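Top line first, the protein sequences correspond to chains A and B. The opening residue of the first sequence carries number 1 in our numbering; numbering runs sequentially from there. The opening residue of the second sequence carries number 1001 in our numbering; numbering runs sequentially from there.
Calculated directly from the structure, the hints in this document are not laboratory data. It should be emphasised that the depicted structure is a prediction, and the values quoted were computed from it without experimental measurement. Even for Gly, the Cβ is constructed at its ideal location relative to N, Cα and C. Just to be clear, a hint being listed does not mean it is correct.
Some residues of chain B that are not near chain A, with every Cβ distance over 10 Å (derived) [what the hints assert, rightly or not]:
id, residue
1, A1013
2, G1015
3, R1016
4, P1021
5, S1028
6, G1043
7, K1052
8, E1066
9, D1067
10, S1070
11, I1074
12, T1079
13, T1083
14, K1099
Straight line, CA to CA, 25 Å or less: simulated DSS-like cross-link-like pairs of lysine-lysine [unchecked claim]:
id, chain 1, residue 1, chain 2, residue 2
15, A, K57, B, K1099
16, A, K83, A, K9
17, B, K1003, B, K1099
18, B, K1099, A, K70
19, A, K57, A, K83
20, B, K1069, B, K1099
21, A, K57, A, K70
22, A, K71, A, K57
23, B, K1052, B, K1109
24, B, K1003, B, K1052
25, B, K1052, A, K57
26, B, K1099, A, K71
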Amino acid sequence: DGGITQSPKYLFRKEGQNVTLSCEQNLNHDAMYWYRQDPGQGLRLIYYSQIVNDFQKGDIAEGYSVSREKKESFPLTVTSAQKNPTAFYLCASSIVASRLADNEQFFGPGTRLTVL
Amino acid sequence: DAKTTQPPSMDCAEGRAANLPCNHSTISGNEYVYWYRQIHSQGPQYIIHGLKNNETNEMASLIITEDRKSSTLILPHATLRDTAVYYCIVRSFTGGGNKLTFGTGTQLKVEL
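Looking at chain A on its own, in the form it has when it is part of the complex (with noise of 0.2 Å):
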């Protein structure tokens, strides 16, 4: 089945420590993202990447770094820098087309990432 998958869907990890957060796709899209989500509100942007070997820091960048080698993979990296991790944090992907009707995004199950 095509999708996006997101592992583990629940993180502990100790404050201070880098903790990295998978997503993989394989509907063949060139864009994707990632967001973050905090209790009772929308989703913020962290980063995105249109491309391969290309990324663009969010409104949320601080913190957090990514990388794209690979078309179907976007792993986030949430770092000792960011100071309130714990939240529920959302990968999606969508293609890059000329017409905006085409640019919907599909999102992973997520993961909840909670930082003791």
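Chain A is already provided as a structure; the job is to place chain B on it using the hints.
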């Protein structure tokens, strides 16, 4: 992207139509209205989008006012599985990327 305003919560009886409003009074001519929903602790799911004409698909209908300053998402026969947070998003197509700006949405609760 234009800011949207939605009621924080709504209730709907199962089998009835759920009408979810969204105000986007600062929308500009090239901005589309998108709707997503998020069932608890899952990733958001695309529902529908439109520019100025009303749209319908297998999930819902989207009614956009003539001045485009507001829209309504209609779930014609709501079921318990439609209980979710519904996000109205207004965005334009720019070369800078395909970014969605989510607000806090409307929590729709469908009850028996």
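A quick look at each hint next to the structure:
{"no.": "1", "hint": "A1013", "in the structure": "holds, 25 Å"}
{"no.": "2", "hint": "G1015", "in the structure": "holds, 28 Å"}
{"no.": "3", "hint": "R1016", "in the structure": "holds, 26 Å"}
{"no.": "4", "hint": "P1021", "in the structure": "holds, 17 Å"}
{"no.": "5", "hint": "S1028", "in the structure": "holds, 13 Å"}
{"no.": "6", "hint": "G1043", "in the structure": "violated, 3 Å"}
{"no.": "7", "hint": "K1052", "in the structure": "holds, 13 Å"}
{"no.": "8", "hint": "E1066", "in the structure": "holds, 21 Å"}
{"no.": "9", "hint": "D1067", "in the structure": "holds, 21 Å"}
{"no.": "10", "hint": "S1070", "in the structure": "holds, 19 Å"}
{"no.": "11", "hint": "I1074", "in the structure": "holds, 19 Å"}
{"no.": "12", "hint": "T1079", "in the structure": "holds, 21 Å"}
{"no.": "13", "hint": "T1083", "in the structure": "holds, 16 Å"}
{"no.": "14", "hint": "K1099", "in the structure": "violated, 6 Å"}
{"no.": "15", "hint": "K57(A) x K1099(B)", "in the structure": "holds, 11 Å"}
{"no.": "16", "hint": "K83(A) x K9(A)", "in the structure": "holds, 22 Å"}
{"no.": "17", "hint": "K1003(B) x K1099(B)", "in the structure": "holds, 14 Å"}
{"no.": "18", "hint": "K1099(B) x K70(A)", "in the structure": "holds, 21 Å"}
{"no.": "19", "hint": "K57(A) x K83(A)", "in the structure": "holds, 17 Å"}
{"no.": "20", "hint": "K1069(B) x K1099(B)", "in the structure": "holds, 21 Å"}
{"no.": "21", "hint": "K57(A) x K70(A)", "in the structure": "holds, 18 Å"}
{"no.": "22", "hint": "K71(A) x K57(A)", "in the structure": "holds, 18 Å"}
{"no.": "23", "hint": "K1052(B) x K1109(B)", "in the structure": "violated, 28 Å"}
{"no.": "24", "hint": "K1003(B) x K1052(B)", "in the structure": "holds, 17 Å"}
{"no.": "25", "hint": "K1052(B) x K57(A)", "in the structure": "violated, 31 Å"}
{"no.": "26", "hint": "K1099(B) x K71(A)", "in the structure": "holds, 18 Å"}
The structure does not agree with the numbered hints 6, 14, 23, 25 stated previously, though it agrees with the rest.
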